[in-house]
Each structure stands twice: as structure tokens, then as C-alpha cells.
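K.L.:
So you can see what is in the structure, the chains are spelled out below.
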Amino acid sequence: MDMSTDSKNAILILENITLSFKGVKAITDISFNVYEGEICSVIGPNGAGKSSMLNVINGVYIPQEGRITFDGRQFKKMKPHTAATMGIARTFQNIALFKGMSTLDNIMSGRNLMMKATFWEHALGIGRAKREELEHREEVEKIIEFLGLQSLRKTPVASLAYGLQKRVELGRALAAEPKMLLLDEPMAGMTMEEKLDMSCFIQEVNRNFGTTIVLIEHDMGVVMDISDHVVVMDYGKKIGDGTPDEVMNNQDVIDAYLGVSH
Amino acid sequence: METFPSLLQQHATQSGNRTALRMKKHGIWNSYTWSEVANEVQKLACGFAATGLKPGEKVAVIGNNVPPLFFSILAVQSLGAVPVTMHADSTTDELKGLLENCEARFAVLQDQQQVDAIYEVIKELPLLTEVVYFDVRGMQEYDHTHLKSYIEFEDLGEQFAKEHPNFMSDVAAKVTPETDAFIVYTAGTSGQCRGAVLSHSSFLTTGQVFADQEGISDNEEVYAYLPLCYASTLFFVYTLWMVKGYTINCPESNETILSDMREVGPSMFYAPPHFYKLLYSQINSRSESTKSKLLDKHMSKLLTEGRSWLGDKLVFNQIKDLYGLSHIKHAYVGGDVLSEEVFRFYVALGVNLKATYGCAESAGCMSVQGSSDLKSDHSESMVGAPLPGVDVKIGADQEIMFKGMNAFKGYYRDEAHTSAVVSADGWIKTGDVGELVDGHIHVIERADCISKFNNGADFRPKQIENALKASPYIMDAVVIGEHKDHMAALIVIDAATVGAWAERRQMQFTGLRDLATKDEVVELISTKIKDVNDCMEHVGGTNCPQIKRHTILHKEFNAGIGEMTRSRKIRRDIIADNYKPLIDALFADADKFDVTDSNGELVAQLRLQTA
Chain A
1 MDMSTDSKNA ILILENITLS FKGVKAITDI SFNVYEGEIC SVIGPNGAGK SSMLNVINGV
61 YIPQEGRITF DGRQFKKMKP HTAATMGIAR TFQNIALFKG MSTLDNIMSG RNLMMKATFW
121 EHALGIGRAK REELEHREEV EKIIEFLGLQ SLRKTPVASL AYGLQKRVEL GRALAAEPKM
181 LLLDEPMAGM TMEEKLDMSC FIQEVNRNFG TTIVLIEHDM GVVMDISDHV VVMDYGKKIG
241 DGTPDEVMNN QDVIDAYLGV SH
Chain B
263 METFPSLLQQ HATQSGNRTA LRMKKHGIWN SYTWSEVANE VQKLACGFAA TGLKPGEKVA
323 VIGNNVPPLF FSILAVQSLG AVPVTMHADS TTDELKGLLE NCEARFAVLQ DQQQVDAIYE
383 VIKELPLLTE VVYFDVRGMQ EYDHTHLKSY IEFEDLGEQF AKEHPNFMSD VAAKVTPETD
443 AFIVYTAGTS GQCRGAVLSH SSFLTTGQVF ADQEGISDNE EVYAYLPLCY ASTLFFVYTL
503 WMVKGYTINC PESNETILSD MREVGPSMFY APPHFYKLLY SQINSRSEST KSKLLDKHMS
563 KLLTEGRSWL GDKLVFNQIK DLYGLSHIKH AYVGGDVLSE EVFRFYVALG VNLKATYGCA
623 ESAGCMSVQG SSDLKSDHSE SMVGAPLPGV DVKIGADQEI MFKGMNAFKG YYRDEAHTSA
683 VVSADGWIKT GDVGELVDGH IHVIERADCI SKFNNGADFR PKQIENALKA SPYIMDAVVI
743 GEHKDHMAAL IVIDAATVGA WAERRQMQFT GLRDLATKDE VVELISTKIK DVNDCMEHVG
803 GTNCPQIKRH TILHKEFNAG IGEMTRSRKI RRDIIADNYK PLIDALFADA DKFDVTDSNG
863 ELVAQLRLQT A
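Protein chains in written order, with this note's numbering: chain A, 1 to 262; chain B, 263 to 873.
Treat the hints with care, since some could be wrong.
[What the hints assert, rightly or not] No more than 16 Å apart at the CA atoms, straight line, and that leaves these computed lysine to aspartate or glutamate pairs for EDC-like:
| hint | chain 1 | residue 1 | chain 2 | residue 2 |
| --- | --- | --- | --- | --- |
| 1 | B | K287 | A | E141 |
| 2 | B | K286 | A | E141 |
| 3 | A | K154 | B | E517 |
| 4 | B | K286 | A | E145 |
| 5 | A | K154 | B | E525 |
Because the hints were derived from the structure by calculation, they are not lab data.
Given only the sequences and the hints, what does the whole structure look like? Please build it.
P.N.:
Below, the structure is given as C-alpha cells:
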């Protein structure tokens, strides 16, 4: 893969983002680009502002300063709904599935934005509702096959193991056919085997569907293996930005992770 | 006389619109009619011909049961070439050995897993020139010099068929009943795998006779979850499919085998003892966990008093429905002996379960239980009278021998072993010890398993192991007693049923390893061992050696390292070897045994019990 970032299209440009909560600065003047078709990881110690960064990207938090450009459109504030309709899907650090619903229904809910039928059409099963249901089910079935969830279609997600719930959440995000996928600690709390599975899925999504992926992760080993591009944050500031190799050899990053004597 | 390709043509012309094959994909059962199957087979066969496959050459077919796999086998046979079916989970070393031995020119694979396994060794297999795969997932980045997708292959075939319009009818006419139809590698509980060469007629004549005797119709719905790499599945699924033209149903994935079986509701089913045992354990564990008095009452009466009208309506019909057994007309078990208790359970439940007997050398089948066998003392190991056309006799050392229409031609490229197994006048040794009771075969044990205790009594481990395995909590058991005064048993617990049992008692545990050392579980298993010991004493008197020592293993036996065959038959020698220190500790009356990994770190501390 060509690693020279200049030749690539930036799908997401963050410029001078600053976010504070009542004076407490969570993010200070951060700028970086995410390029089309890459796996970009945002890493950093606890409290570095990684999740806040993700929330800024999909419009949950509105930064006090800075500009976001996604897919050629510039925003002062991104709204969650705009983010979703423009093709940004995400998963959450603490799984946010509909616990009582089946795997199938949870993934189907990811296609909600694409359904055109009205509430009454759905309720009565008339008009577009039935045809749409069939079309969307077909797409959802492809995702179920892709993630190997065939045996769990009708199982309520609350009864699934943690690693599987994470996988269903990824499925729901994929169901929206996103241009960009934001993954908030997709591998936290997983066993080694589950982590390997998940990193394979992430790479396959990236490769097969060309989806740009931004992920936050603690496990450095996994990050360095699968990422094309790594952004390092510490105390709300960006301290590193580049290929995994560049970042690993960056003195600031080493200091932040291993500590430095003052 | 028919061949596999001639039967396919017959079904396609006579019942072209009937469903031949179903597979669940993307949550929906997709069907192929007989004429669609014939069409696919033609395209594929032309694809093989276009890439240079000649009659008599060997094609390895490796994968789970998916429609393209059935098409590939038929296509290869249509050209007079020989399919060699292998297990989808075979390791690289296993595959290399088999591919070398059968001199495969082509390999047809299901997906990336098998491609990876073969790619490591493809340079060492100069004869293997083409590899075809079905599932394109993850395959884009491979070097495609020797590799073609199924779609590409079919396109080649269509092109070829246009250029050679009469090719299929010309080539199919050259296939005779005596042409080689399959090379089947024997499972081999001892020693290396050998390829039994079988003709079209040995499978098809036996299939015809069997179908007539058993009244198999063309309306059967057959559930094909077992891979086609065994002679038994080639017989019970594939051969009877071609003979009768019924419908085969393939599960969506290995994880959905049980739920898909319920959706299919098969009328005919073949499985090894392991599967019946698994269902039995699940049913029992479920009936215990529901705490329903009604269920309890009827279940406990089932084996002693049989079913009642009320019991059927309230309990048993529901159980059968839940596990897809409602429509079963013919259920067969083979490959090994199912423990008596489990066998009786199914019969009592109203499932028409019959034991069959056969081996790779006998095209998968030589006899099936009749009603008189079910009434005899050893109903589970009385496997019926030989099929018409098969002769059976008891040779030296009580070994069962047969000859007849189902006999194989010999082992591929192994004259020496062929002449060791086949006598000059055509009798073939099975390697099983048994007897003939009124002309019915009674299988006692594998010949190489039988040995003696120190006191000279016969040691027949399999019967004891089967008695242990009748417990829903015991998945596998190996009993050691050769040249000893008493026996020791290695027990593998069933993680699912013991796990459910422990949950009901609100025990905390992490996994199989943890369960295996819990006081309650140790107690549970000891009770079962005691039952079996009491039973042996009851039958064999007080002199009968008992299971004096036992332990619960921290893991299951692993087919990947040869501890059992892919069909889950125990490989006694390898287990005796792998667990030698543990077995020695058992006989030395130790009470603990530390299992360490290759780095010397403690994996588990096993508890060695004395009965």
C-alpha cells in the first residue's frame, strides 16, 4: 500500500479543534487528517481525550473552536443526524445495543435511515414496508454471514457473550453502509482470541468494502499491526501523527507511554 | 447397469422439476431441481475437461457439504475420473499425505482455510496442477496461477461445451459400472490411512438392495450434516440420493447444525454414535433444568414402561419436534457402537433407530438391523443379517470377514496391504471381532483393542467405555487395563451438560478446565463410575476387574493431534502415549497430577480418584 499521505484524498479534515467542558479543556487545538480508505488509530493514555475526539467527529460534542470537513463539506458544528446521513457510523465503548432484541433485529436497526416507508406503512405492513423489509433483510443477511453470526440470528443480544455483543454492534454499524466507521475501543475487555477475530473483521471491512476506519484502542500490539496511520494524544493534545513505525520512534510518544523523569 | 452419471441423467429427464438439493444461505433455504443439478454438473465437467482432466485421474474434493461439492463429485465421475473426498478440517500434513498417496491432479476446495492448507505444500506436489475453490471470501490477494474460482471454472466449461457440443454424452457413455467411483481413505483408529478403491457398481448395487429392503422412497428428506469423506456418508447420503432421487438438505454452517435440523425435519438420517449421544445429553439436561414434574414423570417412565398416549401428546412429541425428529422414518447409526442406554432411549421415544454395519472396504454398508435384532440381548451391537448379495463369515480369531457385491477393488497403490486383508478366495477381513447369531452379525470389539488382564480375563475396553458414555455428563472415556490387575479410566466431561448442571447448582466456574476439578463434578463422575463397577460386578461376578482409578481430564481429546479420528473414534495407542505419565500416576495410586505446558508452566492440577 502507498504510504505517502500526500497522494491520498483526505476524507476527514480536523482543523484546530478545541473542546472544553466549563473551562476544563478536553481537547486543545488538534488538527489531523483521515485519508480515504485507511485504518486510522487514535491512541493515548487514559483521559487523553480520545473518546471526546470521536464524539466531536460524529457530532455528539460541539467543539468551541475549530472546523470539521467531511467528504468535502465543511462544518462548524457537526450534528449526530447529519453525521449519520453523510455516512459516518460508530460503535460505543460500552456496548449500546437493544438488549432485549435479537441479533437480527439489532443489525436491522442499523438500516433505519435507509427505510423510506412511513410509520403507518410499517405498522400495517402495507405499501413500501414489506418490499423494503425484504431488501434490507438481504443486505443484513450478508453482514450476518460476513461476521459469522448465523447461529445467533434469533438470540436476544443480552444473552450473548461480551465479544459477540461487540461483533453484533459492529454489524449494526456496517448495516448503515458507512463511508467512515468510528470504533470506540472495539477490543476492550476481549480475550486474545476474540481480539484476533475482531482485528480480522476490521481489516476485512476495510479491504472488502473500502470503508475508512477510525478506531480508538488501548492494545498497542493490535493497533500497530492493523493501522495505516496512527494519531497519538496526551492531555488533550496531539503528540504524534504518522505511520505506526514513525509513531513508535517518536520521542514524545515514548515519553508519554513510558513516563519521563522530570 | 447404472452408474452415478447415468442415474443423474435419469433423474434430470424423468423428474427434472423435483427438488434434489437444498441449502440454507442468508437465512433462506435455496433449492436446486434435478435439471438444475444436471446443468451445473455439465458446466463443471466441461470445465474439468477444458483444463485437461482425463478419465481415471484423481480429484481431491475437500469441504463441508455445500451444493458445489456435490456437483463437483458428480462432474468428476461423469468424466470417468475419480473423486477422493477429504475432511474440511484436515491439517496440511494430513492433506499432503493423502494428496501424494492418491496422486491427485486437481483439488476442489471449499474456502480459504483449505487453500491455505494446500498452498503451503503445493510445490511439493508436482502432480497437482489445478486448484478450484467455491467461496471467494478473502481470496483476492492469492497468486492465481494454479488457482481458479468456481465461477471462472464454470465459464471455462460453458466455453468448452459450445466448442464440443456432444462432449458430455460421448464421455458419459464411456463410464461403466466397473469404473472406479471413489477412493475412500479409511478412518484408521490404528495405523496410517489407506485408500480403498470402490467401483460405481459396488456402491450402487448395495444402495439398490438396501433401499429395497428398507423401503426408502424418493420422497425422503435427508439431512446431510456429516462430511462426505467417509464411506458411510458416501453410501447413506450420496449413493442412496442417486439411487432413489430424494432431497438432500445441507446446514448453513457448522454452528447451526442443530437448529437447521429442526427446520428440515428429516425423514431419513444417518449419524455416528457421537451425534445421537449429543442429542440425548441435551434432551436429558434440558428436562432436568426445566424442573417440570410432568416432564420428569414421563421421562423416568420412558425406559421402563415405554411411551403412553398421554406422554406422547404432552411430552415426547414436543421433544421430537424441538430436535427435528418428528418426521423421522429411518434413522441409522453406524461407524461405532452406540451405548445401550442411549439406543433404548431413542427406540422408546419412537424414533426408528437402527444400527448399521460396514466399513470403507464394503462401500460403507453390509448389514442393517432387523426387528429381531432389537429384541435380542445386545440390541445395540446386533447389526443384522448381511444384505442379500453379501456373504459374511467368522474367520480366525473370531474376525468378521465378508465378500460380495459391495467389495472394494483393493487399496490404492498398496498391493502388500491389499493381499494382507483380502484372501485368495476373495474374503475380506474387517478387523472387527464378532460372532454370527442365527445368521445375524454381532460385533464385539475392534480386533486390535482386545487384550487381557493379568488374571487372564478378556479386557474389552469399548463395552466399558460405552457404559460410561451413557451418562449425559461424560463425553468421552478411555479405559486402560491391558496387563493390569484393575482398570483406570480417563474421563472427558461434556462441557455443555456439566456446565448447565453446575449453573443449576449456582456453582461458579470459568470453563472446562475449572469444572473438571470441582468437588461436586468429581463426585458426580465418581457416582457414575461406581454404577458401572456395580453393573460389571453384577454381570461378571466379584472376580471381574473393576475401574479402580479414574481422573477427569482438563480438556477434550483433539482430532488435530491424532487423539481421535475426524469421526471422533478414539485412537487408543496415541492416547496411551500422550497421557503416559498421567496413566502411570493413576496406577501408582497418586492422588494428584500436575499438567504442565511446554514451558513448564502449570496448566491444571488433575485429581486422581480411587473408586
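K.L.:
None of the hints should be skipped; say for each whether it holds.
P.N.:
Going through the hints against the structure:
Pair hint K287 of chain B plus E141 of chain A holds up; C-alpha atoms about 9 Å apart against a cutoff of 16 Å. Between K286 of chain B and E141 of chain A, the direct Cα distance comes to roughly 12 Å. Compliance with the 16 Å bound is thereby established for this hinted pair. In summary, the hint linking K154 of chain A to E517 of chain B is supported, as the alpha carbons are separated by about 14 Å, within the 16 Å threshold. In summary, the hint linking K286 of chain B to E145 of chain A is supported, as the alpha carbons are separated by about 11 Å, within the 16 Å threshold.
A threshold of 16 Å between alpha carbons decides the hint, and for K154 of chain A with E525 of chain B the separation of about 14 Å falls inside it, so the pair holds.
This entry satisfies every hint, going by the numbered hints stated previously.
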